[in-house]
Amino acid sequence: MVVIRLARGGAKARPFFNIVVADKRTRRDGRFIERIGFYNPIATVNEESIRIAQDRLTYWKSVGAQASPTVERLINQAAKKAA
98 MVVIRLARGG AKARPFFNIV VADKRTRRDG RFIERIGFYN PIATVNEESI RIAQDRLTYW
158 KSVGAQASPT VERLINQAAK KAA
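Residue numbers (the numbering used here): 98 to 180.
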């Protein structure tokens, strides 16, 4: 099964997450199929906190990829910002 989830990056106490498409059996920060965006939870006011490639997200969902609950929340949050 293919999932859309967060992969943690960044330094200790400075988290940064990539939004990736990966096989469910791989480790959280391990191998992935495609990186479709990022999420920076500690972004300042003038920095971009979330970016998702909507065309790739639509494609992966159309072929059966399931988004994690956190990624679903971030997708909705990004859609509200864009509107």
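Any given hint could turn out to be false.
Stated by the list, open to error - Cross-link-like lysine-lysine pairs, in silico, DSBU-like; alpha carbons within 35 Å at most:
#1 Lys177 to Lys121
#2 Lys178 to Lys109
#3 Lys109 to Lys158
#4 Lys109 to Lys121
#5 Lys158 to Lys121
#6 Lys177 to Lys158
#7 Lys177 to Lys109
#8 Lys121 to Lys178
#9 Lys178 to Lys158
Worth flagging that the hints you see were computed from the coordinates, not collected in a lab.
Hints, verified against the model:
no.	hint	result
1	Lys177 to Lys121	28 Å, holds
2	Lys178 to Lys109	28 Å, holds
3	Lys109 to Lys158	32 Å, holds
4	Lys109 to Lys121	25 Å, holds
5	Lys158 to Lys121	15 Å, holds
6	Lys177 to Lys158	19 Å, holds
7	Lys177 to Lys109	30 Å, holds
8	Lys121 to Lys178	29 Å, holds
9	Lys178 to Lys158	21 Å, holds
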